[in-house]
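> So the sequences go chain by chain: A and B.
With the working numbering, letter number 184 in the first sequence gets 985, and the count goes up by one each step, no holes.
With the working numbering, letter number 186 in the second sequence gets 197, and the count goes up by one each step, no holes.
It cannot be assumed that every hint is accurate.
[As the list claims (entries may be wrong)] DMTMM-like, lysine to aspartate or glutamate: derived pairs with alpha carbons at most 25 Å apart:
hint : chain 1 : residue 1 : chain 2 : residue 2
1    : A       : Lys1112   : A       : Glu889
2    : A       : Lys1059   : B       : Asp142
3    : A       : Lys1059   : A       : Asp890
4    : A       : Lys1064   : B       : Asp142
5    : A       : Lys846    : A       : Asp1034
6    : A       : Lys904    : A       : Asp1065
7    : A       : Lys931    : B       : Asp457
8    : A       : Lys993    : B       : Glu416
9    : A       : Lys993    : B       : Asp508
10   : A       : Lys1059   : B       : Asp508
11   : A       : Lys859    : B       : Glu416
12   : A       : Lys891    : A       : Glu863
13   : A       : Lys858    : A       : Asp912
14   : A       : Lys858    : B       : Asp522
15   : A       : Lys952    : B       : Asp322
16   : A       : Lys851    : B       : Glu411
Everything labelled a hint here was simulated from the structure, so no lab data went into it.
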Amino acid sequence: MKSIIAIIAGAMSLATSVAASAEQVNIYSYRQSFLIDPVVEQFTKDTGIKVNVVFAKKGLAERLEREGKYTKADLVLTTDISRLMELEDKGLVQPVNSSVINKNIPQHLRDDGNEWFALTTRVRNIFASKARVGNIAISYEDLADKKFSGKICTRSGKHPYTVALIASMIEHHGYEGAKTWLTGFKGNLARKPQANDRGQIKAIDQGQCDIALGNSYYFGKMVSDPKQKPAADSVHILFPNQQDRGAHINVSGMALTKYSRNKDATIQLMEYLTGEQAQHIYAEVNMEYPVNTAVKPSTLVASWGDFSADKLAMNKIAENRKLALKLLDQVKFDL
Amino acid sequence: MFIQLNKKWPAFSWLLSLLIFMPLMAIVWQSFGDDQAVFSHLWQTVLPQYLINTFLVVFGVAFLSMLIGVPLAWLVAMCQFPMRGVFVWALLLPLAMPSYVVAFIYTDLLEYAGPIQSSLRELFGWKNAQDYWFFDVRTVNGAIVMLTLVLFPYVFLLARTSFLEQSQSLLQSARMLGCSAWQSFYRVSLPLARPAIAVSVALVAMETLADFAVVHYFAVPTLTTAVYDTWVGYGSLAAAARLSALMLACLFVLISLERFGRSQQKNYQRTTGQEQINRYQLTGVKAYAATGFCISIFMLAFGLPFILLIDMAIDYFEQSWNDEFIQYSINSFSLAVIVSFICVAIGILLSFFKRLSQHKSSSVPSKIASSGYALPGTVLAIGVLIPLSLFDHAINDLWEYFGKEGPGLILSGTLFAIVAGYVVRFSAIAIGSVESSLNKVTPSIDMVSVTLGMSPLKMLFKVHLPLVRKGCFAAALLVFIESMKELPAALLLRPFDYETLATYVYQFVSDEQLEHGALAAIVIVLVGLIPLIFLNRSLEKAQ
C-alpha cells in the first residue's frame, strides 16, 4: 500500500509542471504547434515575452466560451475564415486598433471591425497530370464537365478547405447552380472522396486519376521532401479561373480574446506576426502566401507564377458555410 | 446475501458514479437546447447510411474480435505449444499501437498509390485500376479489419484472465469424464468465460462506436462523423449532443440485452489462486497450426506496422528528433499511472458495492459510470469542461464577492481536467474487468467472512482483493495503455504548453506527415510496453 501511495505521489509531482513568468502570451491554436514554433521562438528571443500554446483541431472555441472571463488565453490562431467568424459571432474576441497591423494587412484581409486579421492566404489549386492533361487553363466549373468523367480525385467534401470552396461556388452561382455543379463534380470522381491533399497528387502520379483539388502549400512541401518529390514532379499546379474571377483563396488568421489579461504583450505579438520577419518565416517554412505585401513568397512558391485571386469578401464564404454542408449532404458527396 | 452494509457504502458509490456521470448529463442537457432543423436535415439525407455503416462496423468489429480473441486466449491459457510463452505477452502488444497510426500505415501500404499495388502493377505491366482487381482498403470491411487488429487484445486479455481463473478441478473433472480438449473448451471453459468475453466485447463495441480517427481516415462515415459534422460544421452542439445521446441509448440496450441473456446463469468457482494449470500438450500439425495462427495475428496487428514505423522513423530521424521527448514521455507515463490507479479503485469500489448490496438498484452506479466510454472523445471533453468550468466560475465569483482576486481556473485550466476526462472515459474498462473477476468468487466466501465477524472493508482487503488481483492487474494494464494513446481529451483539456506523446504525434498526423511523428509513435509503444511486461509477469506469477 505504501509503495502504491509513493508511486501516485511521484507521478503527481511529475505531472504538475507550472509555467510562470513575468510577461507571457497564451495562445489557443487550431494550427499545429510545430508550424507556429519557428515564428514564436524568434519573437521570444527578440522581446523576452514567453509564448505558451495549446493546439487542438476542434473545440477550442467552446473551451474559450466556457472559461469566460477567467480564461488565460490571449490569442486564437485559426486555419480557416469560418473559425474566425465563429469567434466573432460568439463574442469571444475584441477589436484591435493598431496602426502597425492596419498598415501591414490589406483592408480585404481583415475584419471591418478589426476583430480578426488574416496572417497568410492559401490557394485551392487544381493539380493536373503532366503526361495526360498538361498545363491547361481550367476553372472550378470544369470539374463538373463530362470530359473529365472518371478522371477526378478529391479529399472528403466535409474538409474545411473544400467546404469553403463550395461556399464560394454558392455565392457565385446560387444554391441551385452550385448543386448542379457539385452533382456533376461527384459524377466525375474516379473514386470515393478520400485521403488528404498529398494523397490526391500521389493518385495522379500513379494514374488513378488525371486531375485533383489541393492546397498549394502541401504541394510545396511535397516538392521539398526527397521521397515525395517524384510524385509532385508528375503534376502541374494550376491556378483555376484565371480568365474570370480568379482562384479561390482561404486564410489563416488571428484574433485577440475578449478577456485577454496580457493585452499589451499580445498586441505586440500580433504586430510582430504581421511584420516582415514573421511573414518571411511563414512564406519560407510553410510555403503560404504572406498577407504583408512587402514580403515576397518563397522562391519555390513564386516559381509557380503570379495569379489573380477571387476578390469575394471573406465573410461571404463563412456565411455560406452551413449551406455548403447542406449541399454536400444532399448530393451525398462523400458516400 | 445478508450482509449489513454501512450506510456510507451506498452513499459513496452513488456519489462517485454521479460525479463520473456529470459530463454525460451535461451533454444530455445540451441536447435539449436542440436544433431540430439540422437533425431532420441529416435524417432526410445521409443519416440512414451513416446508421447502417455504424451498425456494420460495430457488429463486424465485435464479432471478428471475438472470433480472433477467444481462440487465441484459450490456446495461450490452456494449451502448450512452441513459443506459447512469447505469445502470452506478444499478443497484447497491438494494444500499445494507437489505432490512427495503424490505420495510416495500412492505408499507405495498401491503397492504389501504395507500394504493394504499385509494385504489382510494375510486375505485371498493368496500366490502371481497370486492368486488375485489388480489394479497396478504404471501405466498411477495411475499417472493420483495421479496428479489430487494434481491439481484439481486449478480448484476448480478459478471456485469458478468465480462463486462468477457472477452477482446475472443473476442467479436470471434464477430462476425467472423457472430454477432448475441444469439448472441454466448448462445454466447460467457454460458458464459464462468457461474462468476461461479454464484457470485453462490450468494451470493443464501445470503443468502436466512439472511434472517429479510423473511420474518418477510411472515408466510412458513421454516427461519430455525424456528431462532428453537426457540431463543427453546423455549429450545433445541441444536435451533436442529441446524436451522442442516441448512441448512448443504443449501447445501453445492447449491454442490457447481454446481461439479460445470462441473468439466469450464475457460475462460481472455488479457486485458491494457487492451482497448477495442466495445459493440453499440442503436438505435430496442431502445434504448428497454433503457433502459425498466433504468429500471423501478431505480425498483422503489431509486427508489420511497427517495422514500417521504424522504417519511417529512420528515414526522417533528423527532422523528428526532439529534445523534449523525455518530458513528453514523463507526462504521458505519469498521467497514465495516476489514471489507472484511480480507475481501478473506482472499479473495485463500485463492483464490490454491487456485490454486497441487496438492493436491486445497486448495479446502477457501475452501469452509469461506464457509459463515458462510448462517446466520441472530443464531445466527452466538452462534457467534462461544462461542469468543471461551472465550478471554477462559482469559486472565482465567490472570491470576487469578497473583494479578492480569484484563484483562476483551478479545475478546468489544470491537469485536473485531463485526469477527470480520462477517468470518465476509462472507468468502464476498469469496472468491466474487475466486475467480471469478482463475479466468479463464490458468495459462500462472503458468508464465511461475515460469520467470522469481518467488516465489509476488511473483507474487501483481506479476502476479495487477493482473489481478484489478476482482474485488477488486467484492468490497470488496459487503462494505462488506453491513457497512453488517448488523444481527444488530452488535446482539448490540456494546460498551456503541456504535451503528451499522443498530442505530439497528432500534430504531424493531422498535417498529413506521420513520417515526422513516427519516432514519437514508437516511443508511445515502447513506454506502453513497460507496464505490459511488468504486469504480465504478475499475471503469470499469480497462476
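> State for each hint whether it applies.
Tested hints:
1. Lys1112(A) / Glu889(A): holds, 22 Å
2. Lys1059(A) / Asp142(B): Violated, at roughly 59 Å.
3. Lys1059(A) / Asp890(A): holds, 12 Å
4. Lys1064(A) / Asp142(B): Given pair Lys1064(A), Asp142(B) is violated - Cα atoms ~63 Å apart, limit 25 Å.
5. Lys846(A) / Asp1034(A): Roughly 38 Å separates the two Cα atoms, so the pair is violated.
6. Lys904(A) / Asp1065(A): holds, 18 Å
7. Lys931(A) / Asp457(B): violated, 78 Å
8. Lys993(A) / Glu416(B): violated, 56 Å
9. Lys993(A) / Asp508(B): Between Lys993(A) and Asp508(B) the Cα gap is close to 38 Å, so the pair fails against 25 Å, i.e. violated.
10. Lys1059(A) / Asp508(B): Answer holds: Lys1059(A) to Asp508(B) is near 21 Å, not above 25 Å.
11. Lys859(A) / Glu416(B): Cα-Cα ~31 Å, so violated.
12. Lys891(A) / Glu863(A): holds, 10 Å
13. Lys858(A) / Asp912(A): With a Cα-Cα distance of about 23 Å, the restraint between Lys858(A) and Asp912(A) holds, given a limit of 25 Å.
14. Lys858(A) / Asp522(B): Given pair Lys858(A), Asp522(B) holds - Cα atoms ~11 Å apart, limit 25 Å.
15. Lys952(A) / Asp322(B): Between Lys952(A) and Asp322(B) the Cα gap is close to 33 Å, so the pair fails against 25 Å, i.e. violated.
16. Lys851(A) / Glu411(B): Status violated; Cα separation ~28 Å.
Figure legend: structure checked against the earlier numbered hints; hints not met, in rising order: 2, 4, 5, 7, 8, 9, 11, 15 and 16.
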